[in-house]
Amino acid sequence: MVRNNILKIENLHVSYGPVRALRGISLEVYEGEIVVLIGANGAGKTSLVESILGITPAESGRIIFMGEDITQKKTEHIVASGICLIPEGRGILPLMSVMENLQLGAHHYKGDISEDLNIIYKSFPVLKERTKQMAGTLSGGEQQILSIARGLMSRPKLMMMDEPSLGLAPVLVKELFEIIVNLNKAGYTILLSEQNARKALQCGHRGYVFETGNIVLSGKSGDLEKDIRVQHAYIGSAL
Amino acid sequence: MEVFTAQLINAIALGSIYALLVIGFNLLLVVGGIFPFAYSHIVVLSMYMCWIVLRITGDNLILGILAGILSGTALSLITEPIFRPLAKRGAVLSSFIVAMAISMIITDIMSKRIHGGVVISFPLTLQGKEALITFGIATITAGHIATIAGSIIAGIGFFYLLYRTRQGRAFRAMGQSPFAARLLGIPIVKTSIFAYMIAGFLGGISSILLAMSLGSASAVLGDNLALKVMAVALFAGLGNIGGGLVAAMVLGLAEGMALAYLPGEWYQAISFGMIMVIIMIKPKGLFGAMA
Ligand SMILES: Nc1ncnc2c1ncn2[C@@H]1O[C@H](COP(=O)(O)OP(=O)(O)OP(=O)(O)O)[C@@H](O)[C@H]1O
Ligand SMILES: [Mg+2]
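These protein sequence lines map, in sequence, to chains A and B. The numbers in this note's numbering rise by one with no breaks, and the one at position 184 of the first sequence is 184. The numbers in this note's numbering rise by one with no breaks, and the one at position 173 of the second sequence is 173.
Worth double-checking, as some hints may not be accurate.
Here are the computed distance ranges between Cβ atoms for each label pair [what the hints assert, rightly or not]: (1) B/Ile152 to A/Gly187: 48 to 54 Å; (2) A/Gly32 to B/Met197: 40 to 46 Å; (3) A/Gly42 to B/Lys112: 54 to 60 Å; (4) B/Val220 to A/Gly42: 53 to 59 Å; (5) B/Leu161 to A/Arg62: 36 to 42 Å; (6) A/His77 to B/His115: 45 to 51 Å; (7) B/Gly117 to A/Gly136: 47 to 53 Å; (8) A/Lys132 to B/Ile152: 24 to 30 Å.
Rather than coming from a laboratory, the hints here were simulated on the basis of the structure. Built from N, CA and C at the ideal position, the CB exists for glycine as well.
Throw the hints in and build the complete structure from the sequences for me.
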């Protein structure tokens, strides 16, 4: 089966003033994949996903999504064309209800979203129970689920998740990765940035290893996991 | 008792105009991401525009009212591109300084270019001074009723927009987290322009209500109102839109009562003194900042 290319990044450079956060990144994501980005603090994972979404401008290079060059597009157009970001720290709106947070996920869509909401509530009953509750009063795990569910409300063709396991207790991390795998089985293509390299590589198909704005290694998850350099630098004794 | 009732009615009318002004101010603060010091000056300049059109048209009230509302909306929209780069950088303090510059230009225009800087007076037909209800010396005039009803309708309309519509949801999201709003695909620039438009529209309505209740305006009114609006917003907690409403009514009442029962010009000292104390004991304001 030949899989369609969903995202293709060519020689992407991103800087914040003098700080060169991405120094020529090239990568690809195919339909139905979970692609994992791993790397230490400051390696450039967040910079990459934010520049894909048009939040941080690209200095040079190209970002192509479903055959369309989106490098210079505005975030609202990129979201509407089918990319969502579940950001580092979740980015929920604490003073708005769970329902309103979900509605905001579909902000670009002007039609009726009640069916989308029903599907979300069926998949995540905990959100249905708390639909009127202020999102800021949810537990950390519930907030992460809300953030993912809100991303789903945008009807994404590519979901990007930036360190979703950050700050979650081990049992919740396990649950989170189950959710990610299930979403993938349901057909979602996922770009997952994680410091929790072992877990991420176990659920992903392929991976890229970041180091100070460069990709230093890439390949099938299983191979990466076995790679001694990865083990040494990013997985440590955990493996 | 009659003095009290008379003052109470005035105070409620004034408080409800302050409330509208504070709503517009907070909207620009929260959604626009700036410190809109010049907002009240734009409102007073709109009073002048209303006055000019009344003069030209021989006191055609409908055209005068339209002129006030339209210039409030237009003047607010004109300032949006000036503030946009500052809002983008999150430079709230710089926006305060730019707003002060705008306010000085507006005050200059009003004090030097319009009517030779002399106080302008609105025709009695606009003020609606005829008493509709009388108890002793206390009267409720058509102007009072129009002012209070106008503020309530504008206020309800605004809250409906803010809490019941898609656009209002985008406003609140931008206020709570500009970053999250952006990544959710809310068009930041468009939403912000819409906020300036709504704030300007409310400002335009306030300009007419002010013309009705004050009956006159002068160039210093801009600074005077700007200080009050800023103080009320701080008093309630910056950006707290619901709290701002309550605080505006409190200021109106405090001023009205001080005016009735204290000699001379003490009413300003009383109301600002009250605000100072609140800010000292509750730095985030009475109801806490919305953020
Ligand atoms: N707004 C900013 N201004 C200046 N430098 C920044 C900014 N954001 C990120 N950087 C720098 O860019 C580099 C890449 O940061 P980035 O956040 O992309 O890393 P990351 O891989 O996501 O790290 P982490 O795992 O800690 O989240 C770092 O050196 C960081 O200090
Ligand atoms: Mg990061």
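Can the suggested window of 45 to 51 Å be confirmed for the beta-carbon pair A/His77 and B/His115?
-> At 49 Å between Cβs, range holds.
Does the hinted range 24 to 30 Å hold for A/Lys132 and B/Ile152 at CB?
-> holds, 27 Å
53 to 59 Å as the expected CB spacing between A/Gly42 and B/Val220, which holds or is violated | Hint holds: Cβ distance 54 Å, inside 53 to 59 Å.
Per the hint of 54 to 60 Å, is the separation of the Cβ atoms of A/Gly42 and B/Lys112 within bounds?
-> holds, 56 Å
Between B/Gly117 and A/Gly136, does the beta-carbon spacing fit 47 to 53 Å?
-> Holds: the Cβ-Cβ distance is about 51 Å, inside 47 to 53 Å.
Beta-carbon spacing of A/Gly32 to B/Met197 - inside the hinted bounds 40 to 46 Å or not | Roughly 45 Å apart at Cβ, these two residues keep to the hinted range, so it holds.
Using the C-beta atoms of B/Leu161 and A/Arg62, is the stated range 36 to 42 Å upheld?
-> holds, 40 Å
Okay, B/Ile152 versus A/Gly187 on CB: inside 48 to 54 Å?
-> holds, 51 Å
No hint from the list above goes unmet by this structure.
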